[in-house]
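Chemist: Relying on the hints, combine the two individually framed chains into one complex.
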Amino acid sequence: MNKETFLAQLREYIQVLEEQEQEDILEEYAQHIDMKRQKGLSEEEAIADFGSIKELAAEILEAYHVKPEYGQKKKMRLLPANMTEGEKTPQNAFKRFVKWLKEKGTAAGRFLKSVLEWTGNKCGALAGWLAKPFRHRRPCSENSYGKGDGTMDTTDTEERIQKTDEAIPKTAGECELTRYRASAHVRKSVGSGIRNFFCMTGRGCAKLWRLFVLCALFGLRLFWNAGWLLLSLLFAGFAMTALAGVGVLLILYFQNYPFGGVLLMALGAVMCFGALSWWAFSLLIRKKTKQCDKAAEDTGLDESDRSGEAFAG
Amino acid sequence: MNAQFKKGVLELIVLESVCQKDMYGYELVEEVSQVIDVNEGTIYPLLKRLTNEHYFETYLRESSEGPPRKYYHLTAAGILYRDSLAAEWEDFQARVNRFLREGKPHE
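Residue numbers (the working numbering), protein chains in the order written: chain B, 167 to 479; chain G, 3 to 109.
Don't take every hint at face value.
Unchecked claim - Quick list of simulated restraints, FRET-style, between CB atoms:
#1 G:A88 x B:G206: 50 to 56 Å
#2 G:A89 x B:Q204: 35 to 41 Å
#3 G:L62 x B:S208: 23 to 29 Å
#4 G:S35 x B:E193: 18 to 24 Å
#5 B:G434 x G:E29: 54 to 60 Å
#6 G:V37 x B:E189: 40 to 46 Å
Rather than coming from a laboratory, the hints here were simulated on the basis of the structure.
C-beta atoms are modelled at their ideal positions from N, C-alpha and C, and glycine is treated no differently.
Excised from the complex, chain G in its bound form (with noise of 0.2 Å):
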C-alpha cells in the first residue's frame, strides 16, 4: 500500500483501535498491523503525540507475563477528535470513490 494513504489513515485507525478498548503499546501494534501493514515504530511516536494533545491518557496496570503495561484510553477529546476524523475519512473516500467511478468511462 501507498506510504502516504498509511499515513493518513495511520491516526484514524489508532483512535479507532483505543475508542473500542483501552490497549497497550504492543497490542495496539499488534492490532493496527492487521489493519495495514505499518512499521512498528512508527506507532509509539504517534501515541506519544496524541497523549501529549491530551486525545489519549495512560495508566499503568499490573501484568502477570511481566512489567506492568501502559495502557491508551481514549479521552473525551479523543472521541470527538476521532469522530471528526472519520466523517472526514468518510466524505473523502466517498468524494474520491465517486470521481474515480465518474472517471472510468473517460478512461
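Isolated chain B, as found in the complex (with noise of 0.2 Å):
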C-alpha cells in the first residue's frame, strides 16, 4: 500500500470528523511516512508500522470520543450528511415507533389506575355519606352504654371494650363520643373498602392494560419480521430461479443460440433479486447485540486503560 492509498482510506474511515481535523490528523501520518522515508524505509515499511488501519482509525476516533464502529459503518454506506444516526435505518424507524407506542400505553396505563383510584376514593366517600342514615344507632341509655345517671352498665360493654379498646364513657359527653367513634368506624370501614376495590381494580386494569401493550408490540414485531423474511426467501428463491436460467441461457449462448440479450436480462434478474433479498433480510428487527463492547475490545483499551487504570484490573 502506498501512501495515498493509505491516506485515503483513513480519511474515509474518519470521515465524521471535520474537514479541518482530518486534515490535521492526515498532515501527521503524511509528515511520518515522509520521516520515515528520508531514514530509509520505504513507504510500505513505514505503513505497516502503524499496523491495521482499522484499528488505526478506531484509536483515532476513539480520541475524539466517536464510537469507533461508526466510522467503519460509514466507509461501507455512506449516508445524507442532513440526517442524524438515528434516523436511518426504517429499523430504527420502528424502534422509535415501538419506544413511543411504550410510552404511551404506559402513560395511558397510570391514567387508568389514577382515574379509577380517584373514583374509587370517592365513590368510598359516597358510599360512607349514604351509609350514614342506615347505620346502625344504640341509643345511649340505660339498657345499652349505660344508666340514666350516666354511669355504665358494664357487663354489657365488656365485650366491647376488648373490641374496640376504647374507653368506657362514664358521662353523656363520653357516650356521645362514643357513639361518633362507632359511625365513623363504620362509615370508614364501608367507604375504604369500596375504595381499595376500585384500587384493586385500577391496578389489575393497568397491568392488564401493560399487558395487552407488550403483546401488541411482540405481536407487531413478530408479524414484521415473518413479513420481510417472507419476502426476503420469496426474492431469494427468484435470484435462485434466474441464476440456473443464466446457467440454461449461457450453455446455449455458447452453442450459438441467440440469447445474448436474455442472458443480460437474466443476470440483471439475478443481481436485482438478489439486492432484494438482501434488502428484505436487513429489515429485519433483531435483538440488541454487544457488537459495540466487542468492537471497542477489538479496537483497544477504554480511556480506564489509557489512564493507568488497566494496572488496577
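Modeler: Right, here's the structure in full:
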C-alpha cells in the first residue's frame, strides 16, 4: 500500500470528523511517512509500522469520543449528512415507534389507574355518606351504654371494650363521643372497602393494559419480521431461479443460440432479486447485540485503561 | 511487554517527554519507542486526545528538512496532570513491588 492509498483509506474511516481535523490528522501521518522515507525506509514499510488501518482509525475516533464502529459504518455506506444516526434505517424508525407506543401505553395505564383510584376514593366517600342514615344507632340509654344517671352497665360493654379498646364512657358527653367513633368506624370501613375495591380494579386494569401493549408490540414485531423474512426468501428464490436460467442460457449462448440479450436480462434479474432479498433481510428487527462492546474490545482499551487503571484491574 | 501495561503507561511517558522539551510528532514517537516498543500509529491519537483535553498546545515551526513541523507544548494543566499521573504511578508500582516481594516466600 502506498502513501496516497493509506491516507485515502484513513480519510474514509474518519469522515465523521470535521474537515479541518481530518486534514490535521492526515498531515501528521503523511509527515511521519515522509520522515521514515528520509531515514531510508520504503513507503510500504513505514505504513506497515502503523499496523491495521481499521484499528488505527478506531483509536483516532476514540480520541474524539466517537464510537469506533461509526467510522466503519461510514466506510461501508455513506448516508446523507443532514440525517442523524437515529434516523437512518427503517429498523430504527420502527424501534422509535415501538418506544413511543410503549411510553404512551404506560402513560395511558397510569392515567387509567389514577382515574380509577380517584373514582374509588370518591365512591368510598359517597358510600360512607349514603350509609350514614342507615347506620345502626344505639341510643345512649340505661339498657345499653349506661344508665340514666350517666353510669355504665359494665357487663354489656365489657366485650366492646375488648373489641374496640376504647375507654368506657362514664358521662353523657363521653357516651356521645363513643357513638361518634362507632359511626365513623362504620363509615370508614364501608368507604375504605369500596376504595380498596376500586384501587385494586385500577391496578389490575393497568397491569392488563400493560400486558396488552407488550403483547401487541411483540405481535407487531413478529408480524413485521415474518413478512420481511417471507419476502426475502421469495426474492432469494427468484434470484436462484434466475441464476439457474443464466446457467442454461449461458450453455445455449455458447452453442450459438441468439440468447445474448436474454442472458443479460437474466443476469440483471439475478442481481436485482439478490439485492432485493438482501434488502428485505436487512429490515428484520433483531435483538440488540454486544457488537459495540466487542468492537471496542477489538480495537483497544477504554478510557480507564489509558489513564493507567488497567494495572489496577 | 504486555500490551495492557504499555497502554497504561504510554500517556505518562508522552507527557514526561513533552515536559522535558517541546517535540513534534515523529520526534516524540522516536523518543517513546526508546522507552517501550509501541505501535507508532497509536501515539498520534493520544497526542490528539491530550491536545483536545488542553494538556497540550501546538504551534508550527519551520524546518530546514521539509514542511513546517507541529510542535507539542505542555500546558499548565498538562503539567499538573503529568504530576498527578507520576504520583499515581509511583504509588502504584510501590504497592505492586511490595506485594511481589512479600508474595515471593510463599511461592
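Chemist: Each hint needs a verdict: does it hold in this structure or not?
Modeler: These are the hints, each one checked on the structure:
1. Look at G:A88 against B:G206: about 36 Å separates their beta carbons, and that is not inside 50 to 56 Å.
2. Taking the beta carbon of each, G:A89 and B:Q204 are about 39 Å apart, inside 35 to 41 Å as hinted.
3. At roughly 28 Å, the beta-carbon separation of G:L62 and B:S208 lies within the given 23 to 29 Å, and the hint holds.
4. Between G:S35 and B:E193, the C-beta spacing of about 21 Å keeps the proposed range 18 to 24 Å intact.
5. Between B:G434 and G:E29, the C-beta spacing of about 57 Å keeps the proposed range 54 to 60 Å intact.
6. Distance hint for G:V37 and B:E189: a CB-CB separation of about 30 Å, inconsistent with the stated range 40 to 46 Å.
In terms of the numbered hints stated before, the structure departs from hints 1, 6, listed from lowest to highest.
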